[in-house]
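Chemist: Sequence:
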Amino acid sequence: MDWDKLRIFHAVADAGSLTHAGDALHLSQSAVSRQIRALEESLGTTLFHRHARGLILTEQGELLFDATSTMAKKLDSAAARIRDSEEEVFGELRVTTTVGFGTMWLAPRLVKLYERYPELKIDLLLEERVLDLPMREADVAIRMKEPAQADLIRKRLLNIRMRLYATPEYLDLAGRPERLADMGTHRLICQNPSTPQVQAGAQLTQSVMAQGIHSTLMVNNYFGVLQGVLNHVGIGVLPDYLTADFPLLERVLPEIESVEVPVFLAYPEELRSSRRVNAFRDFVQEEILAYRRAQTGDSALD
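Under our numbering, residues 1 to 302 are what the sequence shown spells out, in order.
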């Protein structure tokens, strides 16, 4: 198909009018009409129903418009990447991370990034599945293990552990367990061990479940676990990075915790010079440093 005709078709479908599309394209209505007729003839189908109120896409026209809309978005994204300069940070940045880290740690801090770069557009992809960065499923990833894919720049941000937390209100009512065996009388809030999650969290959950827990609330992500804990439902298995933002949570059985889990930031080698990626990377590292200082109380930490 002729790319120029597809561009004109997209403008007409978007505007719903030959006249309006012509104005946007700086072409006469007759020139636009000729291009649409030529495209319809080359495809052997009708793309628009014509009536007094304007143009309506046929079923075949809808299919083509879906394709040209995808093309237009990708071209806009490519143009933004090409325009990415030393002076400006703008355009779309696709960031992927886990539901827990994205909702409980990253999203609440993004206001600071937007204040610094108001024209930045972030598409936050929260899922446990590891997206393929070299295949451009995302631009930047924050994951709870070192990425195995090749051709990635990676930076270790911090180490976390899964621990047991509850509200003082719940513990005042239900009692504070003094040893792991006491957990059998409490309600455990956790992810199902079979749910895709950080392996260290699943192992900690299994060790607690072995104490004969009689009542549980299982949620398929840590954000849901946190909501149950904050509402005094029981004792939750949660990552320790959330304690900076929820200081009123009380740690239960401090000697019980998971092994360390490394947190990595990664992005494709081809985005090394991207201002958007570098701005996001620097922001996350600054916030991690502030978090670590808050945890240790050491203002000289580097």
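No lab work stands behind these hints: they were computed from the structure.
Some hints could be false.
[As the list claims (entries may be wrong)] Listed below are the simulated EDC-like cross-link pairs for lysine to aspartate or glutamate, each with C-alpha atoms no more than 16 angstroms apart in a straight line:
#1 K73 - E40
#2 K74 - E146
#3 K121 - D76
#4 K155 - E286
#5 K145 - D132
Chemist: For each hint given before, does the structure comply? Return the numbers of the non-compliant ones in rising order.
Modeler: 1 and 2
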